[in-house]
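Student: Protein chains in written order, with my numbering: chain A, 1 to 237; chain B, 1 to 118.
Bear in mind the hints are in silico, worked out from the structure with no lab data behind them.
Just so it is clear, CB atoms sit at the ideal spot from N, CA and C, and this is done for glycine as well.
One or more hints might be untrue.
Unchecked claim - With a straight-line Cα cutoff of 27 angstroms, these simulated DSSO-like cross-link-like pairs (lysine-lysine) come out:
1. B:K45 with A:K93
2. B:K113 with A:K93
3. A:K60 with B:K81
What the hints assert, rightly or not - Ranges of calculated distance between the beta carbons of each label pair, as one might list FRET restraints:
4. A:R235 with B:G92: 30 to 36 angstroms
5. A:K93 with B:A52: 35 to 41 angstroms
6. B:V38 with A:T64: 15 to 21 angstroms
7. B:A42 with A:L236: 20 to 26 angstroms
8. B:L13 with A:R97: 28 to 34 angstroms
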Amino acid sequence: MTDITRLWVYLSASPLLWLFATLAAYVLADRFAKMVGRHPLANPVMVATIPLALLLWSTKTPYTTYFEGAQFVHFMLGPATVALAVPLAAEFKRVRRLAVPILVALFAGSLTAIFSAVGIAWLLGAPHDVLASLAPKSVTTPIAMGIASLIGGLPSLTATIVVVTGILTGVIALPLTRLLRVHDHAAHGFASGLAGHGIGTARAFHDSPIAGTFAGLALALNGLLTAILAPLVMRLF
Amino acid sequence: MLQSFAILLGFQLGGEVLVRVLHVGIPGPVVGMAMLGVCCIASLKLRRTCEAAAATLLGNLSLLFLPAAVGIVQFLPLIAKQGLVIGAAILGSTALAIAVTALTFRFVVHRMKLENRE
Numbered sequence: 001m002t003d004i005t006r007l008w009v010y011l012s013a014s015p016l017l018w019l020f021a022t023l024a025a026y027v028l029a030d031r032f033a034k035m036v037g038r039h040p041l042a043n044p045v046m047v048a049t050i051p052l053a054l055l056l057w058s059t060k061t062p063y064t065t066y067f068e069g070a071q072f073v074h075f076m077l078g079p080a081t082v083a084l085a086v087p088l089a090a091e092f093k094r095v096r097r098l099a100v101p102i103l104v105a106l107f108a109g110s111l112t113a114i115f116s117a118v119g120i121a122w123l124l125g126a127p128h129d130v131l132a133s134l135a136p137k138s139v140t141t142p143i144a145m146g147i148a149s150l151i152g153g154l155p156s157l158t159a160t161i162v163v164v165t166g167i168l169t170g171v172i173a174l175p176l177t178r179l180l181r182v183h184d185h186a187a188h189g190f191a192s193g194l195a196g197h198g199i200g201t202a203r204a205f206h207d208s209p210i211a212g213t214f215a216g217l218a219l220a221l222n223g224l225l226t227a228i229l230a231p232l233v234m235r236l237f
Numbered sequence: 001m002l003q004s005f006a007i008l009l010g011f012q013l014g015g016e017v018l019v020r021v022l023h024v025g026i027p028g029p030v031v032g033m034a035m036l037g038v039c040c041i042a043s044l045k046l047r048r049t050c051e052a053a054a055a056t057l058l059g060n061l062s063l064l065f066l067p068a069a070v071g072i073v074q075f076l077p078l079i080a081k082q083g084l085v086i087g088a089a090i091l092g093s094t095a096l097a098i099a100v101t102a103l104t105f106r107f108v109v110h111r112m113k114l115e116n117r118e
């Protein structure tokens, strides 16, 4: 074994290398996003995932090895979810004033997200387990996987669909709401969080603090509502 | 900063304990978020203390999704079999959900004359 091979064998098995790779890929992707003025297509989640996935693939590193390093980053999702309460509390007056539009948009958006995902796939002839995996596609991964397993979906397929949906929301939410002439940060943020859970929320925080705050609210409310509505909608198919 | 982070972890822990004791299908952090929200509305001092860690975490929220996003790459073959159908459903449904939510929100705000009164 050459020295370089030995070094690689040591490094690739240690959490340090993959933690570093994750942070480095993010820092570069975030810089690139800033350079292009936070263009929606330069979504840091999407841009940073590509080199990391290629690196794992080209070095034949199993995901479990990668995750030993990346878990430290992944773990922070918990406290970050809790932290969404802080800007919400700061904007409590605005949230209370907008309580009616928030609740009406929540019901309309939540039903649309579930019904249209299942409906489109049903029209195109998808089998039942795929329909059930699509139903909770707009909500945060732990809730979505729980719903999917309850209604006969495949949790790992749901997790994949959820992440793709989040990235897509990050890319299209701003151009789409602008096209519809919705320039209200609260409305745009709420739609981003409702359709694209945490990844949509991450993007909304780059648009404006108000958008991010309302996205965080939508992510929590839609998680709870979809858990109730998805099993009901699935009875129709 | 550290104190602020400890508070967030404390509320997450409280949420995790609560969902396990009450056997509800909601993730612990979501319950922790609701509890911290109530406490931060009640106490401005607590909110100020939490702001440092919250701003750091929420300003870099995209980073925290990287491990999960890299993880889905190994599941992409799962999508491949029904690729076009799933892709069409995700694209159509995501665009519809964003449009319906944003337009409904604006419509109700407009109807109730809630615009920019602050």
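Student: Against this structure, judge whether each hint is valid.
Tutor: Outcome of the hint check:
no. : hint                                  : verdict
1   : B:K45 with A:K93                      : holds (17 angstroms)
2   : B:K113 with A:K93                     : holds (16 angstroms)
3   : A:K60 with B:K81                      : holds (23 angstroms)
4   : A:R235 with B:G92: 30 to 36 angstroms : violated (22 angstroms)
5   : A:K93 with B:A52: 35 to 41 angstroms  : violated (23 angstroms)
6   : B:V38 with A:T64: 15 to 21 angstroms  : violated (39 angstroms)
7   : B:A42 with A:L236: 20 to 26 angstroms : violated (42 angstroms)
8   : B:L13 with A:R97: 28 to 34 angstroms  : holds (33 angstroms)
Violated hints, in rising order: 4, 5, 6, 7; the structure is consistent with all others.
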